[in-house]
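> So the chains spell out like this:
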Amino acid sequence: MSASAIPAADARSAASRRPASRGQAPAPRKIKVAHPKAIAIFIVPFAVLFTLFYLVPIGYAIYQSLLVVERDGTFGKATEVFGGLTQYIAVFQNGPFWESITRVLAFGVVQVPVMLGLALLFALLLDSPLLRGKRFFRLAFFVPYAVPGVIAAIMWGFLYSPNLSPFTAITSNVSFLSADLVLWAIANVVTWVYVGYNMLIIYSALLAIPTEIYEAARLDGAGQLRIAWSIKIPLIMPAIVLTGIFSIIGTLQLLAEPQVFRTFSSAVTSTFTPNLMVYSTSSIPNVNLAAAFSVVLALATFVLSFSFLKFTQRKEGK
Amino acid sequence: MSALTESPTVARPAKRRAAANPAPKGPKESPLSRVGAMTVMLVFTLYFLIPIWWLFVAGTKSSSQFTSTNPLWFADFNLFENIGNLVAYRDGVFLKWMLNSALYAGAGALLATLFAGMAGYALAKYRFPGRELLFNIVLGGVLVPATALALPLFLIFSQVSLTNTFWAVFLPSLVSPFGVYLTRIFASASVPDELIEAARLDGAGEVRTFFTVSVKLMFPALVTVFLFQFVAIWNNFFLPLIMLRDETLFPVTLGLYAWNSQVNQIPELRGYVLIGALLSIIPLIILFLLLQRFWRNGLGAGSVK
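Respectively, the protein sequence lines represent chains U and Z.
Quick note on numbering: the first sequence equals residues 1 to 318 in the numbering used here.
Quick note on numbering: the second sequence equals residues 1 to 305 in the numbering used here.
No lab work stands behind these hints: they were computed from the structure.
All C-beta atoms in this analysis are idealised placements derived from N, C-alpha and C, irrespective of residue type, glycine included.
Hints may contain errors.
Looking from chain Z toward chain U, a few residues come up when the C-beta cut is under 7 Å (computed) [as the list claims (entries may be wrong)]:
no., residue
1, Trp53
2, Phe56
3, Phe115
4, Asn235
5, Leu290
6, Leu291
7, Phe294
The following residues of chain Z were derived to be distant from chain U, with all beta-carbon distances above 12 Å [claimed, not checked]:
no., residue
8, Ser30
9, Thr165
10, Glu206
11, Glu247
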């Protein structure tokens, strides 16, 4: 993951040239490639699909975001013409869009550390000699991951609602679906679904550490807490970084849960998260502006997860 | 293993040292930290399982008892009657949704795993120009969120009049950049070059070697990729939401979402949403339980390297 991810950004620009030549044996190079036919058979199916359903859409979104719709009069025929950065200016002037970005960032700043902190705690406990019934806990905590986001949101929507919830003592006093709390109510749904998944990724990394490594620490009289803090956590840093990146990506993409919550709470508007914004803008329909939203969002996600990666690597390098 | 059996025999019996010993019957941790750890885990077990328990209990109740009885305990057991009603409702559209989901996710994940596995294997085991570049583009793909692609995919599919078809949801789900990443790492570590060389000497072709020898060695990684792609497709919401209008093409998540948003107009749907939600999570739970021992190994490979 680490070093090889760096040139990804400039690689993207070269992407359009790649796919065409990938199929044939690369003639102009001097290096002799063994088994070109087999390599082609292995690579081409993925490469074609990746190009069609990843690279082309990215390119097409950028292209669409550079167009504007012009009409002859109010009811005239609409034509798309090149508009330069018009849509991007609209994006940057769009208040609700930036509010939605701020909202998911606030969400992420709180929810991601809480979720990953819990996942790390559970993984360390599972890896410690303190627990019995580890198999049971591992499964019980992981089960929510099998619940699709939409279904989880429907379920928790019922659990939050003042009259249907089994916890009416709480829900009749605290209104989880109010404008103040609904974001955190959604954060709870996301946490509920993904803690176990992140716990397992971290736990598998812990299992891969050879136990002999702890021996020296034990002989030096280190307790479980000390071993966890000074040995285990540094060693599983790559796994934690990985879960961090996926969580950041996931946060910026929030869609299913808030979309479902619109049924339960009027506080969730059609511009609640950036992706809801993309969806509602595209169904107006203003696809060019929606495409510009998509591009800005993808770029923001990429920059954020990439700088998180760089940041954590630098800290590790010390 | 030897390290474990040796440590208790070390002469100097300091308590803290013994405490670090992970052998199952070994000397105790302080009871306080044991109790503390167990309490934390038990409390969170309730947090994780109560919502599912509630859903199960709700699924067994008739609609009149749903609001009038204890939400966390059974009343009259109407589970099978409820399932029967759900399946019969609107000519069995719910079953159709489940089948759609199974098809999108099952066939999609299978093919995605095959393609990702082949590409990851080639990237790990063959040298060819542009290999690193290709891998880096794929890694960039891991960081591009799938939902950012949903809208442009919709625009492209509408250019070729394929929106609102099976293919609009199925085809994009055949790509798993993360699968390429994971299988590449796993193949480098677990498929020895000597073995491929030996297969070559035996006269097996490269492709045949992959399918007969390498696939077996890569199996934990392949199962992991399959499972996570399966879950990703099964849970996918934005793409079907934006692509599909025809109810008979819906995956179960989109179908239940649609019902749930009409609950205010058609109150009878609430019961169907609940029992449907319950039924829709069972396949995934079964799949995870069955394939446990594979995906746990595979997961480790991806995160450690």
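> Could you tell me which of the hints above the structure violates, numbers in ascending order?
1, 2, 5, 6, 7, 8 and 10
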